[in-house]
Amino acid sequence: KAGVTQTPRYLIKTRGQQVTLSCSPISGHRSVSWYQQTPGQGLQFLFEYFSETQRNKGNFPGRFSGRQFSNSRSEMNVSTLELGDSALYLCASSLKQGYSGNTIYFGEGSWLTVV
Amino acid sequence: ELKVEQNPLFLSMQEGKNYTIYCNYSTTSDRLYWYRQDPGKSLESLFVLLSNGAVKQEGRLMASLDTKARLSTLHITAAVHDLSATYFCAASNGAGSARQLTFGSGTQLTVLP
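Top line first, the protein sequences correspond to chains A and B. Numbering-wise (this note's numbering), the first sequence opens with residue 1 and increments by one. Numbering-wise (this note's numbering), the second sequence opens with residue 1001 and increments by one.
Read the hints as simulated data drawn from the structure, not as lab findings. Please read all numbers here as calculations on a predicted model, not as lab measurements. We treat Cβ as the ideally placed atom computed from N, Cα and C, and that holds for glycine. A portion of the hints provided could be inaccurate.
Simulated pairs of lysine-lysine, DSS-like, Cα-Cα distance not exceeding 25 Å [what the hints assert, rightly or not]:
1) B:Lys1068 <-> B:Lys1003
2) B:Lys1017 <-> B:Lys1068
3) A:Lys96 <-> B:Lys1056
4) B:Lys1068 <-> A:Lys57
5) A:Lys13 <-> B:Lys1041
A few chain B residues that face chain A, going by a derived Cβ cut-off under 7 Å, partial list only [said to hold, decoys possible]:
6) Phe1010
7) Ser1012
8) Ser1042
9) Leu1046
10) Ser1051
11) Val1055
12) Gln1100
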């Protein structure tokens, strides 16, 4: 059974640019969440999607957005990149909305460096 | 606002010894997760604890949950080098669609020969 797949794995962007990250959840999983991991702030929740709808959003500026497609694949977009957006972006998938008692599986992450 | 505090942040221990990592959370949470992260890697799920008094064990790791004390522990028995990693606990609050994980800062464990 394939795990959570994130692409690209590594990328370097320039300040002011925008970036799109992709996440394919485990087959059959309909909930996808995104987290940002940095040495200073640790792991922080970005947003959760279920059935193509954003169900919950963390405390991040509007430059961070996402969406989910009918096949449960999700993308997140960061516009007008800042140096502080350099981080590991992790996608998590679970079977049900809101992690209803199920294990939450994380992908390998996308390493974003903003220069 | 849910806050999760782990301690210690750094733990260096000898092989064969036992130790416990503590995870305190500030408000009601009905489930607690433990994850392991190796350098440069993603999060590997270790345990999901769903109810007060829940205890789960896998190999040399055992996790427990006390919802009244808002405390979860991860106990390491007879540590081996392969257990060296960073361990995170995460609490989940909210209901229905409003859930999100709030993570602790992580405990960086080094097991020395």
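Contradicted hints - numbers only:
Hints 2, 4, 6, 7, 9, 10, 11 contradicted; others consistent.
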